[in-house]
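Participant: Below are the chains, spelled out letter by letter.
Protein chains: 4
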Amino acid sequence: RRLGRAHTWGLPALIIVTVFFTSWPLMIWAEPSSNTITAVENYWWWFLVTASTVGYGDFFPTTVGGHLVGVYVIIGGIVTLTTLFTRIAAAIDNAKGQRMKGQL
Amino acid sequence: RRLGRAHTWGLPALIIVTVFFTSWPLMIWAEPSSNTITAVENYWWWFLVTASTVGYGDFFPTTVGGHLVGVYVIIGGIVTLTTLFTRIAAAIDNAKGQRMKGQL
Amino acid sequence: RRLGRAHTWGLPALIIVTVFFTSWPLMIWAEPSSNTITAVENYWWWFLVTASTVGYGDFFPTTVGGHLVGVYVIIGGIVTLTTLFTRIAAAIDNAKGQRMKGQL
Amino acid sequence: RRLGRAHTWGLPALIIVTVFFTSWPLMIWAEPSSNTITAVENYWWWFLVTASTVGYGDFFPTTVGGHLVGVYVIIGGIVTLTTLFTRIAAAIDNAKGQRMKGQL
Ligand SMILES: [K+]
Ligand SMILES: [K+]
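For the record, the sequence lines run as chains A, B, C and D. Following my numbering, the numbering of the first sequence begins with 90 at its first residue and continues without gaps. Following my numbering, the numbering of the second sequence begins with 90 at its first residue and continues without gaps. Following my numbering, the numbering of the third sequence begins with 90 at its first residue and continues without gaps. Following my numbering, the numbering of the fourth sequence begins with 90 at its first residue and continues without gaps.
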């Protein structure tokens, strides 16, 4: 059961990490160097803000190539981050249930 | 079962494609030519950013007519893209389950 | 069954209409007249863009009073519009199921 | 049953309040004083706009430290506010069901 639960978190987390590290070089290649979205301190922030669907608009791709990489991040990121957020919510619910039964 | 699964993806995908191709000429008609949202390289990007609820604000309609087209895209796009994203998440879960049983 | 289904759409729709028409005068009262968010052609657009969580940032409240009205719209609007979107998605799924059984 | 229901709302609400009050001083520490996001009248608004995934972009963190606090708010806020919104939607559904049985 523990293995199963670890596995449940594993695949979405693996996909999100893969989408992150494969989309970054593609975005660097697609966007002009004047777009600071690809800087090491900005890309992970843009990725999270996009995958969580917050979308502040402080960073976004501007070219057709960058938009295609954006599609990849939007599909790959939203699906997996939403899955992870659902898992966290379920873990909170579970902790709650166990506490009510005096197990926590 | 395979047919059923294909069908499951089919209707939301059909609706999203229909909303896309019917909303585009309407948006061209409604928005002034100064709004680059209707350009071929921008409209699909705005459509995806809206349907995924990311909403960067890099493109948006500005007229009453454009906002009415926006309502159509927001309702038609969000409902169907969320359905497709849920299907992808379920497919990932399913692949996970099959791998655990040694079938993948 | 038909009555029950109509009812299912009724309460969320009623709440969203109520939140819309009660929040509008409050927003007019709270925001300075320089903020065009309260104009008749803009308020419904801002309301939909907020309730759907797209949030382009083309319109938003700017005062503490306007932010309090925003809380009301965010809670009342998101909960009910998400419910309505879920109902539409279920109706699409249902139509799909019936078509497969040759009933549509 | 009433106790159980109160509990159901309690833990997500407790987490969201905790994330709010622990993230605020961290954000004040991380962001330059020129960013008005940390002002008492703005921080709760930014927090709600982020946790609800609306993300207008009227306020956002700008430094690496502020982005790290943003990660904390995005994860902690979205998971718990979505849970609370789901609870509200379920309560509306429940009220609806009881009214149909003539209990309300
Ligand atoms: K946004
Ligand atoms: K958004």
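Quick caveat, the hints were computed from the structure, so don't treat them as lab data. Among the hints, a few may not be true.
Stated by the list, open to error - Simulated DEER-style distance windows between Cβ atoms:
id, chain 1, residue 1, chain 2, residue 2, range
1, A, 107, D, 103, 30 to 38 Å
2, A, 107, D, 98, 20 to 28 Å
3, B, 152, C, 114, 40 to 48 Å
What the hints assert, rightly or not - Non-contacting residues of chain C with respect to chain D, defined by C-beta distances greater than 12 Å in every case (computed):
id, residue
4, 128
5, 135
6, 180
Stated by the list, open to error - To give an idea of the interface, some chain C residues facing chain D are shown, with a C-beta separation under 7 Å as derived from the structure:
id, residue
7, 122
8, 124
9, 125
10, 131
11, 144
12, 146
13, 149
14, 153
15, 157
16, 168
Just so it is clear, CB atoms sit at the ideal spot from N, CA and C, and this is done for glycine as well.
Participant: State for each hint whether it applies.
Facilitator: Here is how each hint holds up against the structure:
1. A:107 with D:103: 30 to 38 Å: holds, 35 Å
2. A:107 with D:98: 20 to 28 Å: violated, 37 Å
3. B:152 with C:114: 40 to 48 Å: Since the Cβ atoms of residue 152 of chain B and residue 114 of chain C sit about 25 Å apart, the hinted range of 40 to 48 Å is violated.
4. 128: The assertion about residue 128 of chain C holds, with a minimum of 18 Å to chain D.
5. 135: Check fails; 10 Å does not lie beyond 12 Å.
6. 180: holds, 16 Å
7. 122: violated, 19 Å
8. 124: Check failed: Cβ of residue 124 of chain C comes no nearer than 12 Å to chain D, outside 7 Å.
9. 125: violated, 15 Å
10. 131: violated, 14 Å
11. 144: holds, 4 Å
12. 146: Holds, because the Cβ-Cβ distance from residue 146 of chain C to chain D comes to roughly 4 Å (cut-off 7 Å).
13. 149: Holds. Min distance 5 Å.
14. 153: For residue 153 of chain C, the interface hint holds, since the closest Cβ of chain D sits about 5 Å away, which is under 7 Å.
15. 157: violated, 9 Å
16. 168: Residue 168 of chain C check passes; min Cβ-Cβ to chain D is 5 Å, inside 7 Å.
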